[in-house]
Structure formats: structure tokens, C-alpha cells
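Engineer: Given chain E, put chains D and F in place with the hints provided.
Residue numbers (the working numbering), protein chains in the order written: chain E, 1 to 374; chain D, 1 to 287; chain F, 1 to 362.
Everything labelled a hint here was simulated from the structure, so no lab data went into it.
Glycine residues also receive a C-beta, built at the ideal position from the N, C-alpha and C atoms.
Don't take each hint at face value.
[What the hints assert, rightly or not] Listed next, with one range per pair, are the computed distances between beta-carbon atoms:
id: 1; chain 1: F; residue 1: E199; chain 2: E; residue 2: N108; range: 31 to 39 Å
id: 2; chain 1: D; residue 1: N112; chain 2: F; residue 2: S171; range: 42 to 50 Å
id: 3; chain 1: D; residue 1: H118; chain 2: E; residue 2: K199; range: 36 to 44 Å
id: 4; chain 1: E; residue 1: R250; chain 2: F; residue 2: D180; range: 29 to 37 Å
[To be verified] In silico DSS-like pairs for lysine-lysine, Cα to Cα no more than 30 Å straight-line:
id: 5; chain 1: D; residue 1: K71; chain 2: D; residue 2: K146
id: 6; chain 1: D; residue 1: K274; chain 2: F; residue 2: K300
id: 7; chain 1: D; residue 1: K261; chain 2: D; residue 2: K71
id: 8; chain 1: D; residue 1: K261; chain 2: E; residue 2: K243
id: 9; chain 1: D; residue 1: K265; chain 2: D; residue 2: K71
id: 10; chain 1: E; residue 1: K270; chain 2: D; residue 2: K161
id: 11; chain 1: E; residue 1: K129; chain 2: D; residue 2: K146
id: 12; chain 1: D; residue 1: K161; chain 2: E; residue 2: K107
id: 13; chain 1: E; residue 1: K53; chain 2: E; residue 2: K200
id: 14; chain 1: D; residue 1: K113; chain 2: D; residue 2: K161
id: 15; chain 1: D; residue 1: K149; chain 2: E; residue 2: K129
id: 16; chain 1: E; residue 1: K200; chain 2: E; residue 2: K243
id: 17; chain 1: D; residue 1: K277; chain 2: F; residue 2: K300
id: 18; chain 1: E; residue 1: K78; chain 2: E; residue 2: K150
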Amino acid sequence: MAAEAIIRALRDGALEGEHAPALTIEDSIHSPLSPSVFNHIIAHLFSNIFTSKSQPQGIVLVAFSRSPQFYAELLQSKANDVTSLNQWVRILDCHTDPMGWKTRLVKNGIIANPSVEIAAPVSLCENVKDLDKVFSSIVELGREFVKDKKGRFAVAIDSVSEILRHASTSSTASLLSNLRSHDQISCAVWSVHSDLHEKKTLSALEYMSSMVGIVEPISQTTTSQGSNYDNLPLMEQNFVRGKFSARFKRRNGRIRLMLEELHVEPTGIKFVPSSQDDLISQSLVPKVQFNLQLSEKERNDRAKVVLPFEHQGNGTPIQIYDGRKSLNESNRENKDYTVHKQTEDAGRGEITYFRDSDDEMPDSDEDPDDDLDI
Amino acid sequence: MSGLYSSPSHSLLEEALSFGEADDAVYLSSSRPKAALPSGGGGGGGGSGTVVLIEDCVETNGGFILHHLIKRALSPNRPSDVVVFVSFAHPFSHYDRILRKMGCNLSGHRENKRFIYHDMLSMNSPGSVRDGIEATDDLLMTLYGKIQKAVELYSSPEGSKHVTIMIDDISLMEVAVNGLSNHVVDFLHYCYSLTTQFGCSMIILNHEDIYSSLEQLSPLLHLEYLANVVIKAEPLATGLATDVHGQLTVFNKGICRRNGKSKSKIRNFQFRVKENKVEFFYPGSQT
Amino acid sequence: MAAIKSRTSSFSRNVSTVSKTNVPGLKHGPNGTTFLSSGIADLDKILGGGFSLGSLVMIMEDPEAPHHMLLLRNFMSQGLVHKQPLLYASPAKEPRGFLGTLPNPVTSRDEKSRERDAEQEKNLRIAWQYKKYFGEQNQESQKDEKAAEYCNDFDLRKPLDRQTLSGQNISCVSLQESSDLATLHDHCSKLLAQFPRHEGEIISAGRISIQSLCAPQCDYSDKEWHLLRFIRSLKSLLRYSNAVAVVTFPPSLLSPTVLKRWQHLADTLLSVKAVPDEDKELAKLLTGYQDMLGLLNVHKVARFNTQVLHHSDCTISSCFISWESSLSRKLVSYCQNWMMPLYLFCFFIFFHLIFLSFHAEM
Numbered sequence: 001m002a003a004e005a006i007i008r009a010l011r012d013g014a015l016e017g018e019h020a021p022a023l024t025i026e027d028s029i030h031s032p033l034s035p036s037v038f039n040h041i042i043a044h045l046f047s048n049i050f051t052s053k054s055q056p057q058g059i060v061l062v063a064f065s066r067s068p069q070f071y072a073e074l075l076q077s078k079a080n081d082v083t084s085l086n087q088w089v090r091i092l093d094c095h096t097d098p099m100g101w102k103t104r105l106v107k108n109g110i111i112a113n114p115s116v117e118i119a120a121p122v123s124l125c126e127n128v129k130d131l132d133k134v135f136s137s138i139v140e141l142g143r144e145f146v147k148d149k150k151g152r153f154a155v156a157i158d159s160v161s162e163i164l165r166h167a168s169t170s171s172t173a174s175l176l177s178n179l180r181s182h183d184q185i186s187c188a189v190w191s192v193h194s195d196l197h198e199k200k201t202l203s204a205l206e207y208m209s210s211m212v213g214i215v216e217p218i219s220q221t222t223t224s225q226g227s228n229y230d231n232l233p234l235m236e237q238n239f240v241r242g243k244f245s246a247r248f249k250r251r252n253g254r255i256r257l258m259l260e261e262l263h264v265e266p267t268g269i270k271f272v273p274s275s276q277d278d279l280i281s282q283s284l285v286p287k288v289q290f291n292l293q294l295s296e297k298e299r300n301d302r303a304k305v306v307l308p309f310e311h312q313g314n315g316t317p318i319q320i321y322d323g324r325k326s327l328n329e330s331n332r333e334n335k336d337y338t339v340h341k342q343t344e345d346a347g348r349g350e351i352t353y354f355r356d357s358d359d360e361m362p363d364s365d366e367d368p369d370d371d372l373d374i
Numbered sequence: 001m002s003g004l005y006s007s008p009s010h011s012l013l014e015e016a017l018s019f020g021e022a023d024d025a026v027y028l029s030s031s032r033p034k035a036a037l038p039s040g041g042g043g044g045g046g047g048s049g050t051v052v053l054i055e056d057c058v059e060t061n062g063g064f065i066l067h068h069l070i071k072r073a074l075s076p077n078r079p080s081d082v083v084v085f086v087s088f089a090h091p092f093s094h095y096d097r098i099l100r101k102m103g104c105n106l107s108g109h110r111e112n113k114r115f116i117y118h119d120m121l122s123m124n125s126p127g128s129v130r131d132g133i134e135a136t137d138d139l140l141m142t143l144y145g146k147i148q149k150a151v152e153l154y155s156s157p158e159g160s161k162h163v164t165i166m167i168d169d170i171s172l173m174e175v176a177v178n179g180l181s182n183h184v185v186d187f188l189h190y191c192y193s194l195t196t197q198f199g200c201s202m203i204i205l206n207h208e209d210i211y212s213s214l215e216q217l218s219p220l221l222h223l224e225y226l227a228n229v230v231i232k233a234e235p236l237a238t239g240l241a242t243d244v245h246g247q248l249t250v251f252n253k254g255i256c257r258r259n260g261k262s263k264s265k266i267r268n269f270q271f272r273v274k275e276n277k278v279e280f281f282y283p284g285s286q287t
Numbered sequence: 001m002a003a004i005k006s007r008t009s010s011f012s013r014n015v016s017t018v019s020k021t022n023v024p025g026l027k028h029g030p031n032g033t034t035f036l037s038s039g040i041a042d043l044d045k046i047l048g049g050g051f052s053l054g055s056l057v058m059i060m061e062d063p064e065a066p067h068h069m070l071l072l073r074n075f076m077s078q079g080l081v082h083k084q085p086l087l088y089a090s091p092a093k094e095p096r097g098f099l100g101t102l103p104n105p106v107t108s109r110d111e112k113s114r115e116r117d118a119e120q121e122k123n124l125r126i127a128w129q130y131k132k133y134f135g136e137q138n139q140e141s142q143k144d145e146k147a148a149e150y151c152n153d154f155d156l157r158k159p160l161d162r163q164t165l166s167g168q169n170i171s172c173v174s175l176q177e178s179s180d181l182a183t184l185h186d187h188c189s190k191l192l193a194q195f196p197r198h199e200g201e202i203i204s205a206g207r208i209s210i211q212s213l214c215a216p217q218c219d220y221s222d223k224e225w226h227l228l229r230f231i232r233s234l235k236s237l238l239r240y241s242n243a244v245a246v247v248t249f250p251p252s253l254l255s256p257t258v259l260k261r262w263q264h265l266a267d268t269l270l271s272v273k274a275v276p277d278e279d280k281e282l283a284k285l286l287t288g289y290q291d292m293l294g295l296l297n298v299h300k301v302a303r304f305n306t307q308v309l310h311h312s313d314c315t316i317s318s319c320f321i322s323w324e325s326s327l328s329r330k331l332v333s334y335c336q337n338w339m340m341p342l343y344l345f346c347f348f349i350f351f352h353l354i355f356l357s358f359h360a361e362m
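Just chain E, same shape as in the assembly (with noise of 0.2 Å):
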């Protein structure tokens, strides 16, 4: 669902005027899943491509960590291997010579250049510490295959991490904003890998796309010492399957947030459900060791205790509500008593009850000091 939700919002693209929509993919060393979610995004967007049923009319494939040939096989499986990928596809070769020494050593005699035969038309990019060249390098390849003026094409970065290796977050930043909000990008989609960066720059590339997909470990384990031996079928784990939780920011300014599996299977990627129901409590309650959220039953018993103050006068007894009993308890409440509350609060003043010693109930957290007659 979620990932059927991001593919549709890649594919439906960017409004008049509006800035493309981004998609992040994160992911982190113990579960390193975010290749796998980048290329089942990519191909199947590409997918929707090829059969005309998207917005963006091809997709400029910027290729950093996998090379050019990976994504044109790729690709081509999805294009049930028509030959020539030309009229949807260009790849931006990042990742064979990003520092150009290829290059030079050729220059200079002491590689040869062998050329590789790829489906896809390629553009090979030598410096990939000048970002502005890298961004006009990709719309001029985008420009190649759209078909009119209004025409628009995709973006997909197979890794931010690596531009961020080479360049500062600001300049990186900058490249990223730059395609959303240039009128002939459709959509964008970028993958990084969130151990290797500070939490600044994460929340800046988070900043900048308008969807987040983060790629958890199924199973939490501790990884401080080396190998246990109970912890390995857990990590092993962690290899094929992942909790993929996607937030997105809508038009209508609200956040919709999906939780979903990921399985890794020899085909590919495939994503169900989530078997476990954390999803429910994703508000905007903190996330403490506490439950404070209320039951139906709960909130009827809390509805029904009577306030403190309000049994002065009638000198009936009457339950009061004991701030330190936990929710757990509330079942308790029907019991009789009346305990002894502490108000701590040495700015305003104390509330002392005195304690009815019939039904003093031993409690280890009171204050001693509760029996003097102030």
C-alpha cells in the first residue's frame, strides 16, 4: 500500500507551479535495504512510463553506487526487453569515473577505455564535485526526450550519500531543490543511507522531499558486542525483511503515515502489510515507557471520579481520585478508602490531608512529614 501510494504520487507528478513531489528512501547498516526499495520504486515507476500512464514522459537515472549497465538491465526487464530504452531513458554516469581519473590515466596511456554495451544512452559525468554540472547535465538529458515545452521527465538519484561525500549539505541541498522546483521535472526520487550522515543533514534531505520512506530492521538487536550467538538468526533476519514506514506531506497540509513489510525476495522486493499494529499510536503523544493513551473504559471510569475539592462540606466520604495510582488500576477505584494525597509543590504551598487511620494503607512513597499539625 505504501509503496503503491508513493509510485502513484510519483507518477501523477507536480502540479502547475507547485514543486515536485521528492521521495527520500532511508536506510541504515543493519538492515541495508534501500537499494532494493530504490530499484522497485524506479522500475515500477518506469513501468508507467513506458505505457504512457504518467506524468513524466522518461526518467534521468543518476547512477552513483550501481552502474549505468545494472539500471538499463533493469529497466529493460520492466520494458519486456525491448531493445532500446532511448525514448525513456538516460543515465547519468556517476559512478564509473566521478573523479575523472579514468580519464586522465587514458590521457596518459595507461588504461585503455573499453566501452561497454548498454540498452540505455549514457552520459558520462567526470566531476561530480561541481554540482551545478551535474544539475544541468541532468535537464539537459531529460530535455532530450520530452516531447514538448510542457513535456516533463523524472529524476531518480541512485545516492545522495555519495554526493554528500563530495559536496556540503548546503550545495547538495541546493542540487535537490533545484530539480523540484524546475518546471520541466516531474518527480524525484533520491536514496540515502542514514548512518552515514549527521542528523542535520538527514532533516535537511527530509526537509526537501515531500515523502519519507525509512527502511527499519524487523528485529531490534544489540550490536554492541561482536556475535551472539542468539543474536545472529535475528540480524540474519534484518537481511531479508525490514519495517518500511513512509510518510507523506499532502497538498492539503496533513501527514499521512503507512506502515508496511518489506520481504526480499529473490525477484525482487515485495511489500505487505505489517503483521505488527504500532501504527495505531503515531500521533503527536510522545513516545515514553508509559501508556497514556485511554481505553473507551478508561475514559468512562475517569469521567466518573469526583475531584478533590469538590466533597468539602458535605462530609460524606467519598472516593477521591489519588493521582499516583497508575491507569492499570482504575479497576481499584471501586474499593473504599480514602488515601492520603501529597501535593508537592513548595512554590504554592502544600495541601495536607490527614489520614483516617482506619483505612491507613501503608505506602512507601509518602512523605513522613505529612503527620505534623502545621
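Structural biologist: Frame of chain E, contents of chains D and F only:
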């Protein structure tokens, strides 16, 4: 089949390094099928297009894994396979003597151009920081050039000739370039592009405990992302023992092939290092 | 491939593979390596013969005690006795002054008095808990005479004879003088160039001794990568020459990641630690606690041309692992956490204290 591969204690490491049962049989048999795919169709860690990262620590030296893999790569079953060895740590004589005891004649292989040894012990970036960065790049670029040249020369497009690049060790490479770890990652990335282009494989050694004290942004993580297989050598949790010298944990992430991704697995077993071989066994059992 | 004979004691193998050379001060080791003596007979035994030629020995100092100086002094004196050229570097302004504190070997004249005043030996001895299991003691006493050529006993009371010092190839470098390590590097390469390694008999060897390399008063001490490059360069030069370098440094002055890099760079890694004073628990655990001044840990031993762990420690630890591990845990608790002993055997440095003799003399 050579006796080496049939010995049971080796099979633990072999199994951990393999990328799928069918390919194991292919790799271990004496003849290679002609239908081998260039984009990573080989078996075994060290098979086509794979990157193996060996991590060790002060207490447990991981050199023996490297020696074992050298011997494996130079096995007589595959006479046209070549090893390009970049050494920052030890001179040639050190490896020669060790491998000789293991039954592998490195000097002979060096003469026959099956073992190409690059001595980087005295390679150093220029001292001053000012011209350091460009000079560092040049240094690494030159080294890379030598490696690509060898790979071009000794690879074959159909995959019948396989080249393995080995680097011992990365932390010393970092010292040689004055701590510019990013440049070292660039260099490794270039070598990685060779694995995709020529189907060669890469085996690198680094020291895990150097980076473990860095809270985050450890350069070692880049390597771990790059690697298909990570082999960690650690001491036993219980301390030193005569019969067991430590434990190995192999994280095999699998490789992507045309017919799909191979299964990932994690294996943990113990080892004992001897003059002529290494024995691998599960705790409590000895072969 | 040598057949592995069954052996009763670890040291029988040690003895058979170690043979003398024609050159005094050098000894052949296994796997084509050659040893020179550290100047302390017991330490040589523990290390399997001595320091391997071409190895970089690093000693982690205890900033609260100068025990590393004892090791350095013995190392340097031994080299001078064998007429091996020496390079000494230290943070002091006048490093040459240190040479005056080097101990003199115990000569035959002294030996007679040694028998009389057995308690007043001023030798540096390393006693280790497993010594009583060392079955080669009979052979040892016979070999003592010959061993004395390779490794001398040094009398810490007496400074080195003037005539031993004079006419020797000794250079001293002050680490404070230079703002970077270029001078020291030049001196090292000059010395090492005298002993290139090549096929054939080794005629002589050299010694480099660098004290407190990362001492804070030196200009370069905060340039971590400069230091690392220097050490790596020294290590590389050493591998192609017939010399040994001993470098001491205080580990607490390095950041954890840099410290690990230094430890990995060392071929042989030792550390010394002061023993706490008036410690009742230690007194109960260790015999000879009163005479003990410090602890010496061997973390790593140079493994050239072999992948096998140093044979002696394997066998020792197997015999005594239960006792040793409880002992070592006790001791580790006194050590700072940056020290993770690889081989969990601990040695005790004690020497019959100077004040004993002063007491007797007064």
C-alpha cells in the same frame, strides 16, 4: 577436486562465503561452465564481482584469512586466475614464507604473473598539507591505474579468467594519505567499478577497533555498505585458549545477479591457526 | 613444512629453533627471523628469543611511573655492549645526559661479590608466575654463560663504563627541537641505511630508541596524522633493515581511535603499569608484592613470516588459564580500560630496591 576443498574444516568458511548452492558446485569443480555470466555469476566470496571486507582487531589479527583467501584464489584448479595484491603492511617475503608453508609457491606465481604484488610500504603523500590533497589524489589515482591495467590485462570477458584485488590494509592506506579517508573511499569506489565492469572481485582488510570509538560517521561504514561479505575476526568472549584462537562471524549479504539476488546469511564459528592451514569449527566440536 | 613434534614444554621447541649466529648479540629465530636482545633475559624468553630484527616495539607508558625507562635503559645498554649503533631521541633538551644513567653489565669481578651479596643484586628481573613450570631450568644454568653473551645482566647501580660509551656510534636527538618530525625521520633513515636487509649473513644490527614520542611539550604532538605517518614510515624502513626500534609513549595522551592505530602499527606491543602502594588485596594475591614495582603486559608479539601465534603463550595459557584468568581479571581491574591484554599473562617487575642496599650500607 583438490584435497583442500574436500577437507571438512574448510567447508565452514566456504559455505559461509558462497552465494548459492548451485554455484558452489560449479565453483569447486575443475571446469568452469561456459555459460558463466559476467555480471557476477561466479560462486564463493571472491567469486565474480564480489567485495569481501575483513575486519579484525588488536587482540585477533585477521591476516590469516587473507592468507587463506590468497591460497584459494591461486588454486591450481583455476590456472588463469590472477591476484593483484596491494600491500601496505608487510613485504613480499613475509607472505611468501607463510604461503609456502601452506603449500602455495608465491614466488613462482609472481614470476608467472599470477600474483602481482605492489609494495606500498613506503608510499607516502607529500608532507605538507598545502599540496597534500591534489598530490594525494594523484597518488591514489596512479595506484588505481596500475590496478586497472592489471585487471584489463588478465581478465577475460567471458569470465574464464578471474582477477582478485586484495588490499592489506586500509587503515595504513589512510595513514599514507594523511587521514583523508574520503579519498580512500573514492579509491575503493573506483576499484568497485572494476568489479562491475570486469567481473573481478575485491578483498580488503581493515581494523574494526580503530573506528568503533568514533560515535558515528565512521569511514568503516562506507566499506561495510560496499561489501557483499563482511568477515569479522574477534577474540572469544571467554578469553584466550590454546585450541581456539578466536571466532569468525561472516555476514554474507548476497549478490545481485541476473536471475535474482542470492540468499543472505550470517555464520559464526571458531578457528585455530596453524602453520600450514586454518581450521574452522563450531564451538565444542573439533574436526 | 616442519613436522610438528610433540613436546612436553613449550620452551623445548623454542630452544631448538633458536640458534646462535657468529655475530655476538644476534640470534637466529624461527622462520628466517633474527633476534637481538632486549637487555632483560626474562623478557627475551617471554618474547621467544628477543626482539625480531625489523620490528617496531612499542611500549605503552604509565604516566604515573617511569618503568618504561628501565626497559629503555637495558635495551640501550645491551646495544652498546654489543657495539650496535644507537639512535636515542627524547623530549629532553639534552638527551645525551640520559646516556649517563645507562646501567653497566655485571662483569666477572662483580660476580664474586654477587655470590656474597645475593640480596643486593641490582638487576632488573622479570618474574612471571609460570616460571616454576619452566622445565628447562637445568639447561638454563648451563646456557647462562653463553646466554650472557647475547643478553647481559645489568647492574642498575653502576653507570656504563666510559670506555664502553666512547668510540660508539651514538646519536641523540631532542624531540623538542624540531617543530615536526622531519629531523627525527632523517636521523632514523640515516641509521637504518647502514643496515639494509638483503640475502646473506647479517653482519650487524642497529637500535633506535625513542622515548615518549607523543609527549605534550613537543610541537608536533597535536598533529596526529603527522605522528602516524612518521611511525608508519619508520615501520616500513625497519622492515627492510636489520634494526629494532623501541618507541615508548603515554597512551592517555592519544584519542581512543588514534591509540588503536598506534597499537595496530606496533609489531610488538608491551605496556607497563605501576603497582598501587599498600594494596592489601594485591599483597594477598601476589607473592613478592613488597618488592614489586610494576606490571608488564605483553599485548602483541611480532609475527614475521608466520601466521601462527607465538608458541610459548599458547602453551602457557593452556596450562594455567583458570588461575591466570582470575588473576588477570584482578589486575585488569587495576589497569585502565584502554589496556586489553591480548595474552592474559602478567609479569611482575621487581628489583631489589636501592634502599635495601642503602640500609645495609648506612
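Engineer: Each hint: holds or not?
Structural biologist: Results of checking the hints against the structure:
1. F:E199 x E:N108: 31 to 39 Å: holds (36 Å)
2. D:N112 x F:S171: 42 to 50 Å: Check passed, 45 Å falls within 42 to 50 Å.
3. D:H118 x E:K199: 36 to 44 Å: holds (40 Å)
4. E:R250 x F:D180: 29 to 37 Å: Given a distance of about 60 Å, which is not inside 29 to 37 Å, the answer is violated.
5. D:K71 x D:K146: holds (22 Å)
6. D:K274 x F:K300: Within the cut-off at roughly 18 Å; holds.
7. D:K261 x D:K71: This hinted pair holds, its Cα atoms lying about 28 Å apart.
8. D:K261 x E:K243: Distance ~19 Å between K261 (chain D) and K243 (chain E) Cα, so the pair holds.
9. D:K265 x D:K71: It holds: about 24 Å lies between the C-alpha atoms, which stays within 30 Å.
10. E:K270 x D:K161: Violated, at about 36 Å.
11. E:K129 x D:K146: At roughly 24 Å apart (the allowed maximum being 30 Å), K146 (chain D) and K129 (chain E) satisfy the hint.
12. D:K161 x E:K107: With Cα atoms ~27 Å apart, K161 (chain D) and K107 (chain E) stay inside 30 Å; holds.
13. E:K53 x E:K200: Outside the cut-off at roughly 37 Å; violated.
14. D:K113 x D:K161: This hinted pair holds, its Cα atoms lying about 13 Å apart.
15. D:K149 x E:K129: holds (26 Å)
16. E:K200 x E:K243: holds (23 Å)
17. D:K277 x F:K300: Since the Cα atoms of K277 (chain D) and K300 (chain F) sit roughly 21 Å apart, the hinted pair holds (cutoff 30 Å).
18. E:K78 x E:K150: holds (26 Å)
In summary, the numbered hints that this structure violates are 4, 10 and 13.
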